Structures are given as C-alpha cells and as structure tokens.
Amino acid sequence: MSRRSGAAIIGAAETTELGRIPHMSELSLHLDAARNAIADCGIDVSDIDGVAGVGRYPSLVAQQLGLTPTYVDGTSVGGCSFLVHVRHAMAAIASGLASMVLVTHGESGRSRVGVSGFRGAGSSPALQFEAPYGVNGPPTMFPIGVVRYMKEFGLTHEQLASVPVVQRQWAARNPRAMKREPITVEDVLASDLIAYPMHLLECCLVTDGGGALLVTSADRAGDMDLPHPAVYVAGAGEAVGPAMISQMDDFTTSAAFRASGRGAFAQAEIGPGDVDHLMVYDAFAHLPIYGLEDLGFVSRGEAGPFIADGNTAPGGRLPMNTNGGGLAYTHTGMYGMFAIQESVRQLRGTAPAQVPDVEVSVTHGVGGMFAAAATLVLTNHVLS
Amino acid sequence: MDVVTGNRTKLAPQATPETQPFWDACRDGVLMLQWCRRCSTAFFPPSLYCPRCVSDDGEWRVASGRGRLHTYVIAHRAAPGFEAEVPYAIAIVELDEGPRMMSNIVGIPNTPDHLVLDMELRVAFESRGDGVQVPVFGPGDR
Chain A
1 MSRRSGAAII
11 GAAETTELGR
21 IPHMSELSLH
31 LDAARNAIAD
41 CGIDVSDIDG
51 VAGVGRYPSL
61 VAQQLGLTPT
71 YVDGTSVGGC
81 SFLVHVRHAM
91 AAIASGLASM
101 VLVTHGESGR
111 SRVGVSGFRG
121 AGSSPALQFE
131 APYGVNGPPT
141 MFPIGVVRYM
151 KEFGLTHEQL
161 ASVPVVQRQW
171 AARNPRAMKR
181 EPITVEDVLA
191 SDLIAYPMHL
201 LECCLVTDGG
211 GALLVTSADR
221 AGDMDLPHPA
231 VYVAGAGEAV
241 GPAMISQMDD
251 FTTSAAFRAS
261 GRGAFAQAEI
271 GPGDVDHLMV
281 YDAFAHLPIY
291 GLEDLGFVSR
301 GEAGPFIADG
311 NTAPGGRLPM
321 NTNGGGLAYT
331 HTGMYGMFAI
341 QESVRQLRGT
351 APAQVPDVEV
361 SVTHGVGGMF
371 AAAATLVLTN
381 HVLS
Chain B
1001 MDVVTGNRTK
1011 LAPQATPETQ
1021 PFWDACRDGV
1031 LMLQWCRRCS
1041 TAFFPPSLYC
1051 PRCVSDDGEW
1061 RVASGRGRLH
1071 TYVIAHRAAP
1081 GFEAEVPYAI
1091 AIVELDEGPR
1101 MMSNIVGIPN
1111 TPDHLVLDME
1121 LRVAFESRGD
1131 GVQVPVFGPG
1141 DR
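If you read the sequences in order, they're chains A and B. Letter by letter, the first sequence follows residues 1 to 384 in the working numbering. Letter by letter, the second sequence follows residues 1001 to 1142 in the working numbering.
Simulated from the structure, these hints should not be mistaken for lab results. Among the hints, a few may not be true.
[What the hints assert, rightly or not] Calculated cross-link-like contacts (lysine to aspartate or glutamate; reagent style DMTMM-like; alpha-carbon spacing at most 20 angstroms):
| id | chain 1 | residue 1 | chain 2 | residue 2 |
| --- | --- | --- | --- | --- |
| 1 | A | K151 | B | E1120 |
| 2 | A | K151 | B | D1118 |
| 3 | A | K179 | A | D192 |
| 4 | A | K151 | B | E1094 |
| 5 | A | K151 | B | D1113 |
From a predicted model like this one, the values you see are computed outputs, not experimental measurements.
So that you can see chain B by itself, here it is in the shape it has in the complex:
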C-alpha cells in the first residue's frame, strides 16, 4: 500500500524475486548491495548476474550507507504524493562502494545553494506504508 499524502500517494516499489533481498533489508533500515565475488565489484540495481563480468557468484553485503551528491534536478511540478514537498530534488547519489542510485535528499533545503555537488551524504529511510521503506539521503559527515 502506498503512503497517503493529502489525497494522493507516493509510489511504493514492488519487488521482484531478484530485488526482494534489497527491499527486505530496507524494511529493516539497512542498505544492502550486491557484491560480485569473481570480479570484486559492488553493483546496483540488483541483478542475478554481475553487470561487469556476468558471473552469478554474487552475495548481498551491508553497504556503508555513505555517498556523495553526484548530480540532481529540482522538480517544480510534483509527482503524486510529493505535492507538499515541491520543489524537491531528485538526485543521483554515488555510493562509496561505487554504484550510483537515484534518491531524494532530506534534512537540508532542496535549493541550489544547499545542494552542493560532491557533498557527503548518509542513507536514511522513508516509509511508503505497509512496512515498505525506500532509501533516501541526508547530509553526513565523515
């Protein structure tokens, strides 16, 4: 079930068998990444096979939850459920382990002045109802 914000809802992700471990960990407030044991690379989004060497010898590991703000836009027209937050940033976060993921930025004003590229970020989780949580990122010091 999606989170109700006003009379509209933010989209909650629907897992597939391959991505279920990722979303299960998010329910527990843990960011997990897959790690290829053959080529020693972390990868994302979840897949049965390593996108670098196509090995199926991957394992799930707890990620550092740390990353940097790589790039972003600031949406001025809200997607369903985001009406109260507009304007809000849609960001690309580069995780310390290497993969990049799309996310939202919390804990700071979503303005060009505050969204400094390469700033340090740390993962947090936002509820989407029914126990579903999605990873978002706030400022984080080392």
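With the rest of the complex left out, here is chain A:
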C-alpha cells in the first residue's frame, strides 16, 4: 500500500480583497476566505466536521459558521502553520477522525483591526536573552545568518538583491499583487538599509488578507462533482527547530527545513527533480536561497547564482514564487496560506502567471525565524 496520504484539497480561495482591508476585522477575513473556499468547491457548510487555524481562531470560525466540529487543530507555529494544518488534516482524514476539514487564515497585519493582543513585557527566554539587545521585529533577527552565509559561500549582495527582482517579474503578471512595477538589482541596493545586509526591497510586505482550504479524502474527492480538479497531497513534512534564532546550530542552513523537506519527498516518493513548480516562503530575500538548498533543489552555495541566472524567473527551469511572493504579492504576517493557494492555482491551471504543464508543485513554509518548517508536495493527479 502506498504511503501517500490519500488527502485532497478540493476548495481553495483567498479573501475577496487583499492588501489594505481596514473595514474588516481579522475574524471577518477568516470568514470571508472560508465562504469563498466553500463556494469554490460547492460543498454545504454542514459537510465540514473539522476546523483548523492558528490559536483560538478555529473555534471562533466554528462559532460563526454555526458548527460543532469534532476535529480541531489550533497549531500555531508561525507562517507555515497552515501547511502543518494540511498535514494534520491528512492524518486525521486517513485515520477517520475527520472527513472534511476547513483550514482558515485571516490577518489584519497592516490595518490591525480586531487583532488579539499578545505582545508585551514578560520573561520568556527570548525576552531575557535576545530582546534586550535592540531587536526590533523580524528584520533585525531573521537575516542574522546572512553575513555568515556570504562569508562561507561567497553569496554577493547583487545575487541576494536578484531575489526580489525576479519575483517582481512574476508579480508584474499578477493583477492582485501589491507591488507590480519592475525593479532592478540597482534599485534594490539603493533602497533603504533596514538591517544590514537587508534593504527595504529585500523585506516582505505587510498586508491584510486571508485564505481558506477544504481538505477531504482523495476517494471522496473522486466521487464529487467538483468545479475545479482536486489537488492531491502526495506528501507532507513538518519540523520544529530552535525557537530562538540565536540558538541555531548552523546559521547558513535550517535543520527544520531539511527535515521537513525530506519527510515530504519521502512520503510522495519523488525527488526535487520531479518538481515543476515551487513556492518557498519569502519573508526576506534570503529564505528562497536557504529553501532551494535545504530542500535539495541545488547544492549548498549554489542558490544565489541559480536565482540570479534566471532559473526561477518566468521561462526558467524551476518557476518559483510565481504569485510574486511575500516580497511582492502579499504578506499578512503568516504568509504560508498564500503559498499553498498559489500552488493550488498552478495545479488547477488558473494562476494569473500560469506555468505550462504543472503536475507537481511543492510549497515550503517557515514558521517563526527558522523555528518551524512545513512542506507539501501537491499534484493534480494521483502519483503512480
């Protein structure tokens, strides 16, 4: 019997609006996305028997949909949480704990409407041993390994700057992308330094938005009359690494990325060479570089030149971050949901910047600052 999961994504949609949505609370963004995903696949709300989302949102969503689900997953490990939710839904479906799981994301990252407060004083390890040193949000911490990577592998500032340049080429083809104007390496390097070596254009957007998915069994998906072809979860992986970035054992690679990627490819019984399309969570420009290497698409030290040479650009041999990514499309704070959505669109053939003949798409997400990772191998046919 195949170790492949037997789960399928049958509904997938983002919020109706994206970017600046000051008239909607975070909860409304969840619900708007959920309604759109339900409409996308044509199920009845009462078919949903499982809910997943970050923290307390699954129960809020259930309340507002009038449901009493018998499966809940509130896993909250940062931006890749939704990939983890899909993996857990896959296991729950395979073991009979749930049959139709709604995964939702909504975040008022830009407008901060209806957000739950959790930041502030405290005495956690990070607040004792990192925060006193002038850390000022992810830009001052997440890229802390980049100069080490540059020293060890010769990555240049120009190669790093090519990451947002290439993703703008994709975003230019996407009407929903927030940043669509073409940029050059010179533009990137001339933009404000936020936290050396990272410039403004090497940092993600901060936006409002959301997305939702409906996950069921591949068998059930096959019996349904769906408006869009099902997207199969051929493999999935997850891993957690050091919760504090200062405690990474190697600042040039993520152990969580590697473990998650290995797990996903092993379950799918394919390798990086079989992948037609790739999404790598890009909160900052160095993440696609780490992702390409840690997932095994290129060897250590090769990802910078690989991107700078156009291999991930439109027409390249490994199209990556084809919605424009967190750098140009949208980044609500926990971007992973949008990476999954783009993989689904590419596999359905409905992406604004559609890549020809995508049959296997990999979505890879990060949580926290290399504190978690999750990887999905998605296909539009059951792998034989």
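Guided by the hints, dock chain B onto chain A, whose structure is given.
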C-alpha cells in the same frame, strides 16, 4: 527599572528562578555559564536540565568571557532605547566554551568594515538600571 535613553528605555531582562543566578552574576560583572557534570558540556540559555543529555546535574561556573563574532545584522531602525546608537549591530557571539548568545558589540564602529567575522571578543557589561547589567562584547586580544 529600565535605563532611560532620551525619553525611551532599553529593555531590562526579567529573571525567572532558573535564570536568576546568571543575572545575579551579571550584576557583579561576571559571566557565568552552566556546566553539565554528566556530559561535560557548557550550555546556554540557562535551564534546569542539560539540553544535550537532559541531566539535572548542572553547576554554575565562571566563563572565560572570551568568544568570537559568529554573525550579525546592523539594525538601521532603532528599538526603544537604542535611538542614539542606530545603526547598531545585533550579533551572535560564539563563546569559547561552545554556547552562542545574542549580544551587542561595543568599542568599535558597528560597520561591516569593522565587524569582521570570527574576530576575537571579550565580555563587558552594560547597565540597564537598578543594578541590572547585560553582557555585551568588545574586541579582545588573546
């Protein structure tokens, strides 16, 4: 109480019972690390249990205070209390005993030219008010 810099304050760490010995030593200008007697490993951040062998047979030892600059960013937007120092480095220091810690770099300009990876560093302490001191690092010769 936090140190007032302009009209804003740098964050002062709040100890928990497990980390109190570390911060108490810092008040005296001493960097202490925990040492696992079972697997002979220094570890950080402070914990009741060794992160390598999960033993509870740890003891506090005075650290060498020496290390190397492993990696860094240079923040161009100040956290509260750091307005006068921007741009300033947030660094990872690899201590001679093995553990790594986040810190600031003092005594040299915080520029890419001066922040040479693997340069030798030596601990110093910066006041955060009320006797609280945090370990920072400056250049140090062997």
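Going through the hints against the structure:
{"no.": "1", "hint": "A:K151 with B:E1120", "in the structure": "holds, 17 angstroms"}
{"no.": "2", "hint": "A:K151 with B:D1118", "in the structure": "holds, 10 angstroms"}
{"no.": "3", "hint": "A:K179 with A:D192", "in the structure": "holds, 17 angstroms"}
{"no.": "4", "hint": "A:K151 with B:E1094", "in the structure": "holds, 16 angstroms"}
{"no.": "5", "hint": "A:K151 with B:D1113", "in the structure": "holds, 13 angstroms"}
In summary, this structure violates none of the numbered hints.
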